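Undergrad: Chain by chain, the residues run as shown.
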Amino acid sequence: MEKEDVKWGMVIDLDQCTGCGACITACAMENNIPYVGETDAGYGRSMPWIRVERLWEGDYPDIVANVMPIMCQQCGAAPCESVCPVFASVHSEAEEINLQVYNRCIGTRFCANNCPYIARQFNWFDYAPHMPIPLNYQFNPDVTVRTRGVMEKCTFCIQRIRRAEEDAKARGIDIQDGELQTACQQACPANAIIFGLLSNPQSQVSHEARSGRSELLLLEELGTQPRVVYLKSLRTQGISIQTPED
Amino acid sequence: MTTEAVPSGIPVPHSNDVESEENDIREHLMHDPRPRAELNRMVMESMQVTPKSFWVIVGILALLVAVCLFGAWLYMIMKGMGVAGIRRPTFWAMLIANFVFWIGISHAGTFVSAILRVFKAEFRRPITRAAELMTAFGLAAGAMYPLIHLGRVWVGYWIIPYPNQRWLWPNFRSPLVWDLLAITTYLLGSIMYIYLPLIPDLAMARDHSTGWRYQFYRILSFGFTGAEGEWQRIRTAITIFAFAIIPVMFSVHTIVSWDFAMTKTPGWHSTIFGPFFIAGAIFSGVSAVAMILFIVRASMKNMDYFIRKEHFDAFGKLILVFSFVWAYFYFNEFLLAWYAGDASDQFVWNAITQGPNAWLWYLMLVLNIGIPWLTLWNKKVRRTPWMLFVIGFLINIGMYIERYIIVPGMITVNRFPFQWGEYGPRIELVISVGSLSLFLLLYALASRLIPLIPVWEVVEGQHATQLRRIGKAKVPTVTNLE
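Line by line, the protein sequences are chains A and B.
Everything in the first sequence is counted per our numbering, starting at 1 for the first residue and increasing by one.
Everything in the second sequence is counted per our numbering, starting at 1001 for the first residue and increasing by one.
Since no wrong hints were added, every one of them can be taken at face value.
Keeping only pairs whose Cα atoms sit at most 25 Å apart, straight-line, the calculated SDA-like set for lysine to any residue is:
#: 1; chain 1: B; residue 1: Lys-1264; chain 2: A; residue 2: Leu-219
#: 2; chain 1: B; residue 1: Lys-1317; chain 2: B; residue 2: Glu-1457
#: 3; chain 1: A; residue 1: Lys-7; chain 2: A; residue 2: Leu-216
#: 4; chain 1: B; residue 1: Lys-1120; chain 2: B; residue 2: Val-1475
#: 5; chain 1: A; residue 1: Lys-232; chain 2: B; residue 2: Pro-1417
#: 6; chain 1: A; residue 1: Lys-7; chain 2: A; residue 2: Gly-172
#: 7; chain 1: B; residue 1: Lys-1309; chain 2: B; residue 2: Val-1296
#: 8; chain 1: B; residue 1: Lys-1264; chain 2: A; residue 2: Arg-45
#: 9; chain 1: B; residue 1: Lys-1079; chain 2: A; residue 2: Leu-135
#: 10; chain 1: B; residue 1: Lys-1079; chain 2: A; residue 2: Thr-144
#: 11; chain 1: B; residue 1: Lys-1264; chain 2: A; residue 2: Ser-92
#: 12; chain 1: B; residue 1: Lys-1264; chain 2: B; residue 2: Arg-1173
#: 13; chain 1: B; residue 1: Lys-1264; chain 2: A; residue 2: Ser-82
#: 14; chain 1: B; residue 1: Lys-1301; chain 2: B; residue 2: Met-1291
#: 15; chain 1: B; residue 1: Lys-1079; chain 2: A; residue 2: Glu-38
#: 16; chain 1: A; residue 1: Lys-232; chain 2: B; residue 2: Arg-1415
#: 17; chain 1: B; residue 1: Lys-1264; chain 2: A; residue 2: Ala-77
#: 18; chain 1: B; residue 1: Lys-1079; chain 2: B; residue 2: Glu-1422
#: 19; chain 1: B; residue 1: Lys-1079; chain 2: A; residue 2: His-130
#: 20; chain 1: B; residue 1: Lys-1301; chain 2: B; residue 2: Asp-1313
#: 21; chain 1: B; residue 1: Lys-1120; chain 2: B; residue 2: Gln-1466
#: 22; chain 1: B; residue 1: Lys-1079; chain 2: A; residue 2: Asn-103
#: 23; chain 1: B; residue 1: Lys-1079; chain 2: A; residue 2: Val-101
#: 24; chain 1: B; residue 1: Lys-1264; chain 2: A; residue 2: Glu-53
#: 25; chain 1: B; residue 1: Lys-1264; chain 2: A; residue 2: His-91
#: 26; chain 1: B; residue 1: Lys-1264; chain 2: A; residue 2: Leu-99
#: 27; chain 1: A; residue 1: Lys-232; chain 2: A; residue 2: Glu-53
#: 28; chain 1: B; residue 1: Lys-1079; chain 2: A; residue 2: Arg-45
#: 29; chain 1: A; residue 1: Lys-232; chain 2: B; residue 2: Ala-1343
#: 30; chain 1: B; residue 1: Lys-1079; chain 2: B; residue 2: Leu-1429
#: 31; chain 1: B; residue 1: Lys-1120; chain 2: B; residue 2: Leu-1320
#: 32; chain 1: B; residue 1: Lys-1309; chain 2: B; residue 2: Gln-1466
#: 33; chain 1: B; residue 1: Lys-1079; chain 2: A; residue 2: Asn-32
#: 34; chain 1: B; residue 1: Lys-1264; chain 2: A; residue 2: Glu-81
#: 35; chain 1: B; residue 1: Lys-1079; chain 2: A; residue 2: Gly-37
#: 36; chain 1: A; residue 1: Lys-232; chain 2: B; residue 2: Phe-1418
#: 37; chain 1: B; residue 1: Lys-1079; chain 2: A; residue 2: Gly-44
Facing chain B, according to a computed beta carbon distance under 7 Å, are these residues of chain A, among others:
#: 38; residue: Glu-53
#: 39; residue: Pro-79
#: 40; residue: Ser-82
These are computed hints drawn from the structure, not numbers from a lab.
Since this is a predicted model, take the numbers as computed values, not measurements.
Every residue gets a Cβ at the ideal spot worked out from N, C-alpha and C, and that includes glycine.
Take the sequences, apply the hints, and build the full model.
TA: If you want it as structure tokens, here you go:
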């Protein structure tokens, strides 16, 4: 029997996103992203798998803040995969997701240099054993705790995908749309993140991706075939900054 | 046997004053022959006469290697890569710049030796060995960096294609695997290429030494006796290797440049990086050979007979030519990126030429273009060894800056201004001092053990060179011995 194409994808609605940052926190909790401390984070060693970029538009006082959550785009033709000398950055053919095999990674950091989205993070130190109490109690048992010297990045919450697949298999049916949420999606108060099967034309994510609103694939011109679709209406999206009255 | 007039290199004197004519000619090593026994003695002496200060320097270098290179590296392995200054988005930085720098240095040895040998440039004869040793030790210093740089060096052997139970192979699409293969080939090839012309000299050293030195040379010279058949084979092998090592040399630095050029990173993704890196490598390498020759000449006994002003003169010309070549490539690279106006390339070039480290870029232009172009056209400058040393030193600083601009400089900016960063070295500085010490230490030790002058080649050259009388003029001629 020929395997059915399974392609997970994400839609991020920039008109809904408020830039609150809840996704960053939720992702860190779900995926055991270590707390690196104030000094290291200030130096540029925090390891968020998702970041919210604030891009300022216009001149003072008419400034508009555009916000944009960016994570690994799970490229169909991923630049990080071809440069890894040991196949630590590999393509999962089952889910059409770009995966990082932590225990195969030798830490050349070539993938990080070749990622046009700067979505990859490196474990500079062994942060996990030194997590301050009580953060050390909240590790997710479904996710590997990484050691120093390996790369990591957004996995589309592969552990949740796996669990959903197994549940569905046990029940003898396909995964239902909306049954599975990524951590960032779950935490998003504005419902700006939608995750699901792009290969299923009936899914909400497919529906949104084809909604006719201005779609944007980040750096599509590089030929990376990203799996994350950004939606944005034609009006300027953003939050107006009120000028102080005094 | 054919006899041909020397087209260039050795000037034909036009003066009628026979006395000064003879002196001018005698300035050239090939026209100033001494008996073979005398040359043997001089080279043996150069290895054996060692002042106390030499051992003091070797001791300091060994200490620096132990503490700064291996000590600091061990500390980094124990603590994690975080003790280095690298941070997002600059995932590669000074250590990789050092890697490119040392691989570049290692190119001049092969260039000077193999290319000049193939083209029968006579001035190469006394200096090939000194240049080839630089290749080997430059590679030793450079090849450590990819390892030092690994996040998990203890599993670094996974990059080697070896058969294993899990059928896991390295990714042959990755430029790093090409790097590994190219550098290994180059290291092995250049060691063999050093070794072949060394055998007759080791045999000479064996015949002129006693004690442990005798045993050392006896084993290494493979019982070479100087029979005609042995010479025949060694010449054939040298010729094969001289030709074969040239494409290997070109491939190595091209592949090093592909570590950058194969990526999608703005500034790195460039089609001319291959030849550009090779030009830069030979430029910095030839300058480094000039520096080494100065040090060897100044510090070792009898070396002022073998290494003469004519050699510094020739190196001055080579440096100037490669400065032109390098400038040509750099101008191409810069102009096209600027002219195309691609936004991400603009970010990179603006950061380099106007960013906080822009002074490095201007300094690089002064050192790599300004200094050689203003000085090396002058014969007096080229023939003053200490000036060549200073110029070589400045050029190497300039070329180091060039690598530094490419590796950390170009990746501090990217397509996402939100993710732009800065970079400053931390433990990398210590490790850099350590690997420079390693290079110098290996060279210093080798200068006591390996005849730095290929005596047989010098003798051969002196036999082949003679003054022919054509009418009233004496014309230097070289006999083609092959």
